Amino acid sequence: MLAGRNGSGKSTLLRVLATALRPDLGTARVAGLDVVHDRDEVRSRVALLDHKSQVYDVFSALENLELVARFLGDPKRDRARCMAVLEEVGLADRARGPVAEFSAGMRKRLALARVLLKAPDVALLDEPYGELDPPGFRLVDGVLDRLRRQGSTVVMATHLVDRGREHCDRALVLAAGGVEWDGAARQLPADAGIVA
Amino acid sequence: MTQALVALRKDALLQWRTRGRFVAVFVFGATALLLFSFAIGPSAGALRQHAAGFLWLALMLASTLALGDSFHGEMENRALEGLVLLPASPVALYYGKALANWAQLALLGVALVPFMVVLYDAPPGGALPLIGLILLGTAGLSFPGTLYAAMTVQVRGSQTLLPLLLFPLVVPVLLAAVSATSLVMTGDPMDQLRSWTLLLVCFDLIYASLCGLLFGRVVES
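Chains A and B supply the protein sequences, listed in that same order. What the first sequence shows, in the working numbering, is residues 1 to 196, in sequence order. What the second sequence shows, in the working numbering, is residues 1 to 221, in sequence order.
In short, the hints are calculated from the structure, not lab data. Quick caveat: nothing in here was measured; it's all calculated off a predicted structure. Glycine included, each C-beta is placed from N, C-alpha and C at the ideal position. Treat the hints with care, since some could be wrong.
[What the hints assert, rightly or not] Okay, the calculated beta carbon distance ranges per label pair:
#: 1; chain 1: A; residue 1: 96; chain 2: B; residue 2: 111; range: 27 to 37 Å
#: 2; chain 1: B; residue 1: 190; chain 2: A; residue 2: 44; range: 51 to 61 Å
#: 3; chain 1: A; residue 1: 6; chain 2: B; residue 2: 9; range: 37 to 47 Å
#: 4; chain 1: A; residue 1: 6; chain 2: B; residue 2: 23; range: 38 to 48 Å
#: 5; chain 1: B; residue 1: 172; chain 2: A; residue 2: 178; range: 51 to 61 Å
#: 6; chain 1: B; residue 1: 91; chain 2: A; residue 2: 28; range: 24 to 34 Å
#: 7; chain 1: A; residue 1: 6; chain 2: B; residue 2: 38; range: 55 to 65 Å
Please construct the entire structure, taking both the sequences and the accompanying hints into account.
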């Protein structure tokens, strides 16, 4: 779990780990792979849930997932699989509606569906609870459990300390681009400079 | 190759879903042709003489609108970044986008020809050679234009920057396309059409190969 105030570097760190940003200094490794030198290999093993939904507004939810499936080139990720993932995130009834008409919470659900469809070794989730309603919170809880069960490593940036304690083994509190606190998530102090 | 086809399908669908923009670009091109005809005046000979040049100028001006628009949907929700991180091949993404842009510009060029014939009292020449030249000329606009549109889409003032970067680069394409089109329309007694066409093909191949190689760097930066 990554915690810390706004601007502390949580999203930047996740984007570096996802190879969306190149580190200015130092090195970063994901699953033992260097994010600069082994970029393509890292990309094939991680999935990023970004602040932005990374989807096309003029496509439907199903078309967006099918596009991902085609680029991944895996015949197992066919339309039925895409529909199953949409069902899982509660968007099955809006599968064929244009994303342009989606609310922020529905976009977040679709972005989660992209992550699930890829079934990554490492899931990098930036504020997965953001913009979601209470049923959406439970959905994210279920997604986190499922990712752990299937053996994925989850790195999650969140302000919701209680959820982080519940789902994560380790917590880092970032401040001004550095690590302010590092330890077991259950021992994360409530006054670690974050909103509980 | 498979990824390039997936990218092409994606971009063709994107263009179809936003086809209202194509109508706007077409109206812009037709309006440019109309204004150029006013600038020349009523002389039928002068109009015919400059018809090919103004067709390509209108097409080039309209192409900056179409090319600039083609990346807005990609950047809105970081959709292109999402594909790059899958990872989708940047080369495949480039050729998908460039081919879709090429198809759109070629269609625009063919749609503008009747306006040129009517406004400039120009003989259309052979339909097939004219369509062939429009295909070759618009390829020379689309391949570098797609690269530069990707470079400038996130820059403030991209609508100004794109033509500033693109126009100098496509001058040889413009010269060859105008000369060849003019020869198709008015006759080719000196057998010059082949050399202009060959020049167009050469520039298309150079742009298509070089820009495909450079696109990865543009996307990653």
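Hints versus structure:
1. 96/A - 111/B: 27 to 37 Å: Because 31 Å falls inside the window, the suggested range holds.
2. 190/B - 44/A: 51 to 61 Å: Since the Cβ atoms of residue 190/B and residue 44/A sit about 57 Å apart, the hinted range of 51 to 61 Å holds.
3. 6/A - 9/B: 37 to 47 Å: holds (40 Å)
4. 6/A - 23/B: 38 to 48 Å: For residue 6/A and residue 23/B the Cβ distance comes to about 43 Å; the hint holds.
5. 172/B - 178/A: 51 to 61 Å: holds (53 Å)
6. 91/B - 28/A: 24 to 34 Å: Holds - the Cβ-Cβ distance for residue 91/B and residue 28/A, about 26 Å, lies within 24 to 34 Å.
7. 6/A - 38/B: 55 to 65 Å: holds (57 Å)
Violated hints for the displayed structure: none, as all numbered hints are satisfied.
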